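Working from the sequences, and respecting the hints, build out all of it.
Chains A and B are the protein sequences, given in the same order. Quick note: the first sequence, position 15, residue 15 per UniProt numbering, numbers continuous. Quick note: the second sequence, position 12, residue 12 per UniProt numbering, numbers continuous.
Bear in mind the hints are in silico, worked out from the structure with no lab data behind them. What you are looking at is a predicted structure, and each value in this text was computed from that prediction instead of being measured. Just so it is clear, CB atoms sit at the ideal spot from N, CA and C, and this is done for glycine as well. Among the hints, erroneous ones may be present.
[As the list claims (entries may be wrong)] Quick list of simulated restraints, FRET-style, between CB atoms:
#1 A:Ser80 to B:Lys294: 44 to 54 Å
#2 A:Asp128 to B:Gln30: 21 to 31 Å
#3 A:Asp128 to B:Lys134: 50 to 60 Å
#4 A:Gly54 to B:Thr380: 29 to 39 Å
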Amino acid sequence: MGNCNKKGKPSRPSVRDPINIRGDKENKVSYAKVVLIGNSGVGKTSIAQRFIEGKFDENNKNTVGASYFQKNISFKDGSSLCLYIWDTAGGEKFQALAPLYYRVKSKYIINIFQNAHAAVVCYSVTDDDSLKQIDTWLNKLDEHGNIAKMIKVVVGNKSDVDKSERRVDLKEGKLFAQQRDLPFFETSALLNDGSIDELFQKLASQIKQSFTKEELHATV
Amino acid sequence: MDSNQEHQISDDEMEFDKETDDPELQRFNQNLKDQMKKIKISMYSQDQVMEYFNRRSIDFYRRDKKELQITNGFGFVQDTIKIDDDRSTATSCDQFQPLRLSDSAPKVDNKQLKQENARMKKWVQMLQTDPHMKNYNKYKKRVRKGIPQSVRGYAWKILSKSDQQLTQQSDPSEYYQSLLKQQGNHEVIRTIFKDVTRTFTDHVFFRDEFGQGQKTLFCVLKALSIHDQEIGYVQGMGYISAMLLTQLDEEDTFKCSLTIMNKHEFRDNFKDKMPGLAKSFYIHLSLLKKFMPKIHAHFLQNYMIPQIYATQWYMTLFASSLPYECILKIWDIYLVEGTKIIYRVCLALIKLISPNMLQMGMDELYSGLKQLQNTIDADTLIKTAMSFKFTNSVLKKIEQKYTNKPDKDILQHCVMS
Chain A
1 MGNCNKKGKP SRPSVRDPIN IRGDKENKVS YAKVVLIGNS GVGKTSIAQR FIEGKFDENN
61 KNTVGASYFQ KNISFKDGSS LCLYIWDTAG GEKFQALAPL YYRVKSKYII NIFQNAHAAV
121 VCYSVTDDDS LKQIDTWLNK LDEHGNIAKM IKVVVGNKSD VDKSERRVDL KEGKLFAQQR
181 DLPFFETSAL LNDGSIDELF QKLASQIKQS FTKEELHATV
Chain B
1 MDSNQEHQIS DDEMEFDKET DDPELQRFNQ NLKDQMKKIK ISMYSQDQVM EYFNRRSIDF
61 YRRDKKELQI TNGFGFVQDT IKIDDDRSTA TSCDQFQPLR LSDSAPKVDN KQLKQENARM
121 KKWVQMLQTD PHMKNYNKYK KRVRKGIPQS VRGYAWKILS KSDQQLTQQS DPSEYYQSLL
181 KQQGNHEVIR TIFKDVTRTF TDHVFFRDEF GQGQKTLFCV LKALSIHDQE IGYVQGMGYI
241 SAMLLTQLDE EDTFKCSLTI MNKHEFRDNF KDKMPGLAKS FYIHLSLLKK FMPKIHAHFL
301 QNYMIPQIYA TQWYMTLFAS SLPYECILKI WDIYLVEGTK IIYRVCLALI KLISPNMLQM
361 GMDELYSGLK QLQNTIDADT LIKTAMSFKF TNSVLKKIEQ KYTNKPDKDI LQHCVMS
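Given below as structure tokens:
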């Protein structure tokens, strides 16, 4: 597993500043925060697992709360980017809970979208309702995200299913993303077809292009 | 990857897609497919879901199972063996033998067996003569050693006082059945339908997709969601009922789930904005500060806030996060002593991450905690948990403080949006 740990005691965070997880000031490694969001059961945890551990767990569990992963992405030019991936519960009530906080005017506003450099908004190709809900998720990002440049991508997961089970065509998903001017991917967490690696590779390049080195520090 | 291909072949959908010459079977398969389509297209109406479950379970009986499942002493699948048609059963049996059974099955010698039997008798007697826990200290002393597995279901039923639920109903059994007959909210039914396929699926009972176990869990959760419409169904509840189903029958699980929901304000965890969770976090942090002040400060400095690591602990009473044997022992104590044990275990888990915690950053703390939760053994966990000594009145005091005049330094880390 990619590990971007750096030893060193974190200094006490200052008010208003986004917080550097490890407090390393050298900035040799760039960090980016990515949130995985979308309706319940579209496969967010499976996507994260395929990417991080390279496997599909048949005994998948529904996510209660959120969990957190990290992985290093290497680029051809020799540089690398460490992705902090927050896998969230899709269930509606869990939105009351956000595992991350950010201090604004000495008040703690808890909100998972804060300081996210990118959001992977997922639906399942077997569930047309989950596609419709993407707009709701995008609105939430606009409302609560604080980074204007945040990169958003639309992902249709479970592309491996039988035709008879599909409820959203590839075209339909593409069109949906096009209309909102967002990059689009169809992925399968079940198959080891490289679709998920491609998604995160491209996402990482995009992040690297869009943000300056100073902006890419690890913030929770 | 090999494992993926294997998965594909063993996938249920492929199985009933397979060509068959039997016209009856063809018709059956077609029927099942149509049914499934209906469910996906329509709004998961109750009748269709049940119809689907029923057809699916017939389907299981018809199909030759090409897999042997090796489970541990509690029915959790440790390994599966594919049986080839060409191979004789004998070869498969050979394959079976040297597997991990010896590691996973509890090692019991004669002396232990006698001890266990004696404990069982003591428990049965205690439960029968003193079901209301009048001799609380005796219960407390015994439960910390764990309830013997053979009487656990029975004990849980009595200890949770599940028979005191639904007293307003003349016939609780009939009431349960009547709940099942109702339609239920479509969205809720749909969420439950999705979640039963991914709860405890490493246990033999829940393993088959839409099999008997998942069907039973669906029924219990549906009944709960109709009985308590304010809450309906929230993810997390499934783990509670699934855990109970490994020890109790369907109706008792329903009743016992109700007791757990209604006791110790556990239900507040599932209300809008999760007020119960905020309160639990407040108590959690207060205790952490009291017992491990340095670690408390270090955790907050590193953004290890309870929302990040403890949500599932409090919402599922560990049923979604720890090895099964740990959950059993924690629940044994929970049913006798109440929430104290939950806070204690949380403290223990934090304490057990590493002796060098203060040198660790968020990543290490988080992944250390994650790994610990997969590997911890029940005895160590309970022993460490019990080393945090505090009384119920301490808990009460913190609770009162939370309601009346909460400590702002702690409160700011528990706020829900």
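Results for each hint:
no., hint, in the structure
1, A:Ser80 to B:Lys294: 44 to 54 Å, "violated (34 Å)"
2, A:Asp128 to B:Gln30: 21 to 31 Å, "holds (23 Å)"
3, A:Asp128 to B:Lys134: 50 to 60 Å, "holds (58 Å)"
4, A:Gly54 to B:Thr380: 29 to 39 Å, "holds (31 Å)"
Hint compliance for this structure: hint 1 alone is broken.
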